[in-house]
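K.L.:
The residues making up each chain are set out below.
Protein chains: 2
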Amino acid sequence: MSVSAPQAADTRFGLDRRVHLPGPFALASGQSLMGLDIGYETYGTLAPDGRNAILICHALTGDQHVASLHPRTGKPGWWQRLVGAGKPIDPERHFIICANVLGGCSGSSGPGSIDPGTGFPYAMAFPVITISDMVEAQAALLDNLGVGTLMAVVGGSMGGMQALQWAVSHPDRVRSVVALATAARHSAQNIAFHEVGRQAIMADPAWAGGNYTADCQPVAGLAVARMAAHITYLSEQGLTARFGRRLQDREALGFGFDAEFQVESYLRHQGLAFVERFDANSYLYITRAMDYFDLAAPHDGVLAKAFSSAAKDFGTRFALVSFTTDWLYPTAESKRIVSALNAAGAAVSFCELESPHGHDAFLLEAPEMNRVVDGFLRAGA
Amino acid sequence: MSVSAPQAADTRFGLDRRVHLPGPFALASGQSLMGLDIGYETYGTLAPDGRNAILICHALTGDQHVASLHPRTGKPGWWQRLVGAGKPIDPERHFIICANVLGGCSGSSGPGSIDPGTGFPYAMAFPVITISDMVEAQAALLDNLGVGTLMAVVGGSMGGMQALQWAVSHPDRVRSVVALATAARHSAQNIAFHEVGRQAIMADPAWAGGNYTADCQPVAGLAVARMAAHITYLSEQGLTARFGRRLQDREALGFGFDAEFQVESYLRHQGLAFVERFDANSYLYITRAMDYFDLAAPHDGVLAKAFSSAAKDFGTRFALVSFTTDWLYPTAESKRIVSALNAAGAAVSFCELESPHGHDAFLLEAPEMNRVVDGFLRAGA
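The listed protein sequences derive, respectively, from chains A and B.
If you're matching positions, the first sequence starts at 0 in the working numbering and goes up one per residue.
If you're matching positions, the second sequence starts at 0 in the working numbering and goes up one per residue.
Bound-form chain A, shown alone (with noise of 0.2 Å):
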């Protein structure tokens, strides 16, 4: 499959789009939707074989503007240190795809979504979704766009698990997965924190049964789900490393409830920055599909059997990182994914990342990260 008409002029490609899909569209939870709006974003050309297409897949509060400005808050792409001209995916050498998930609130359908059935929006009446119908909403995009078989399909922390899921349910259809900073499944820690933000939005009388209006979201509750996330994605070193117990615009204790701790200003802005960008019925329905994501369930509780097909029929190609003081998504889910990769006889790199930088660190600068990805990519071009 290839693009017949010149690209450019093609409105299916470029930053900012939005394409609808006429349903049904089938879910996992037996459920489904009538039609499918998703938000996404090309950056470069489908190469005339269709062999040099990327899916990135963002994670819990990311969106499709991986490598261009956010129209909302103005800010740079979330993962232009990996993506854009002379990084290890380049728009000058790939066709790079990344739409905002299922049930997201960036363009796709999700509890924001106006039921078709009603003319209100959805709330909490959105059927709940799983990371695998999110791999499929992908691939339904890709069936728009013409694109077949990816070269990789790349993401970290819940873009991770898309990327894995992607070589479970359509090995045929990919060729490398690059999944950075991940699980194959939920713990138990992992659902427990995403239950207290969870109870947080819906402890909010803001929240209203998720019935909120624009005017009136209960952004104190989003805040507070945010903070307690926000503490996940850090490490304990990193945040003694920068901030300690240092005291924000104050040379003694206050003795006071304000923001006496530099930590305790930066956790509050980063609670009010999110709910100005993020919607809480979409926070909690992308947390279910997190904490509902098993890999290895539906294949008797056995990893490498949902490897299977892509190791030994596709031989699709995998790459894991993970990082030192990631306490998340640690190390040792990645060398559980890695010895099912290996039990699949898939062809499987692996590497640990030192940084001090916890979770976040796939976001941040890490070139060896950079040249992990990109010598990956470069072997299986």
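Heads up, some of the hints might be wrong.
As the list claims (entries may be wrong) - If you want the footprint, here are the derived chain A segments under chain B, 3+ residues with CB under 8 Å: (1) 8-21; (2) 120-128; (3) 174-187; (4) 195-201; (5) 215-224; (6) 263-275; (7) 286-294.
Unchecked claim - Some residues of chain B that are not near chain A, with every Cβ distance over 12 Å (derived): (8) P23; (9) P47; (10) G73; (11) P75; (12) I113; (13) G116; (14) T117; (15) R197; (16) E259; (17) E367.
By construction, these hints were calculated from the structure, which means they are not laboratory data.
Every residue gets a Cβ at the ideal spot worked out from N, C-alpha and C, and that includes glycine.
Take the given structure of chain A and dock chain B to it, following the hints.
P.N.:
Quick look at chain B alone, frame taken from chain A:
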């Protein structure tokens, strides 16, 4: 000092006691309280030479009911594994005191107390207190009970902070210190988790700036705070062993937002049970006191200096215990204290105990911990 009258006839001694000590009671903040209420319990009899007194300090959400039925919940005392007949701390041999901390909600002066200046509860007009203030309140109680020098002061977590503070503030009154699963300062990550809890409480409209009524308390916010904190008390390994990804009362995923996983159900229960027995404003004040805790700060940041008088002038003995899977106050924090005590020339014993139970280990069945505490106390008797 000793009690002259037969102790049995003295209403100062026994279970579920209350005392009002006239003020003014000066606080670290520079403010003062007009008087001091203290809820406490004593067990056993003070020896004629007064040398068998042990003070037990409770943790963040603990109380004075260390080895007696809790009057509100009807549950056994929170440390009956360590304190009781035949236990390392034994009313047959020891005179045991445990007091609700200043700022608490179990009989001691705190934000729920009546402000004598207004006739209404202090709420957020209660002065911010510190671990050092808690220790001074305990010292005032000991004066009232006729206890001069303590054979030992014993505590875990925030109780351990108080125990260490005793050796710094009153080295002349403490012959030995047992500090379990604790730290000499709150780290940035510790502060961050507490700040999330405080924000959850203050985000609850029922909190009403602290001026809630008994009928309308910020239970939702307090429950979220407890849930977030509770995760930090357990280890990832312990959560996995206990809950894993097991479902609660169902065979398959329900594709909804009920508590589907056992760990969710458990956490929600922890949150709901907590609000039955604890006051939201007390939670704010006590977490603040812990965040302020930094034993070295008043000593040029040199922890050894803080212990100098205890070590050199009074020969106070120290026992430190940490647990392998405690990531709230990890072994590294105990080792930091041990290094400082060694540098100060103090007699110190330290051991890290194996446990899968994370920070909570000190409250659970821990035969090795009991042996360590027993041996240490007997050696100094």
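K.L.:
For every hint, state whether the structure bears it out.
P.N.:
Cross-check of the supplied hints:
Coverage of a stretch by a chain is defined here by at least three residues with a beta carbon nearer than 8 Å to that chain's beta carbons; for the segment 8-21 of chain A and chain B the count is 0, and the condition is violated. For the segment 120-128 of chain A, the assignment as covered by chain B holds, since 3 residues bring a beta-carbon within under 8 Å of that chain's beta-carbons and 3 suffice. Counting residues of the segment 174-187 of chain A whose beta carbon lies closer than 8 Å to any beta carbon of chain B gives 4, which meets the minimum of three for the stated coverage. Counting residues of the segment 195-201 of chain A whose C-beta sits closer than 8 Å to any C-beta of chain B gives 5, which meets the bar of three, so the coverage hint holds.
As drawn, the segment 215-224 of chain A meets chain B at 4 residues by the rule of a beta-carbon pair under 8 Å; at three or more, the given contact holds. With 4 residues having a beta carbon nearer than 8 Å to a beta carbon of chain B, the segment 263-275 of chain A meets the requirement of three or more and the stated coverage holds. With 4 residues bearing a CB less than 8 Å from a CB of chain B, the segment 286-294 of chain A meets the requirement of three and the coverage assertion stands. No Cβ of chain A approaches the Cβ of P23 of chain B within 12 Å, the least distance being about 17 Å, so the stated non-interface status holds.
Here P47 of chain B stays apart from chain A, with its beta-carbon at least about 43 Å from theirs, past the 12 Å limit. Non-interface call for G73 of chain B relative to chain A: holds, since the shortest CB-CB distance, roughly 26 Å, exceeds 12 Å. Every Cβ of chain A is farther than 12 Å from the Cβ of P75 of chain B; the closest lies at roughly 26 Å, confirming the non-interface assignment. Against chain A, the non-interface label of I113 of chain B holds: every CB pair exceeds 12 Å, the least being about 21 Å.
No beta-carbon of chain A comes within 12 Å of the beta-carbon of G116 of chain B; the shortest separation is about 18 Å. Annotated as non-interface, T117 of chain B keeps its C-beta farther than 12 Å from every C-beta of chain A; the closest such distance is 19 Å. At the 12 Å boundary, the C-beta of R197 of chain B falls inside the reach of chain A, the nearest C-beta of that chain being 7 Å off. Under the 12 Å C-beta cut-off, the non-interface status given to E259 of chain B relative to chain A is violated; the minimum distance is some 8 Å.
Listed as outside the interface, E367 of chain B is consistent with that label: its C-beta sits roughly 25 Å from the nearest C-beta of chain A, beyond the 12 Å cut-off.
The structure fails to meet hints 1, 15, 16 from the earlier list, while all remaining hints are met.
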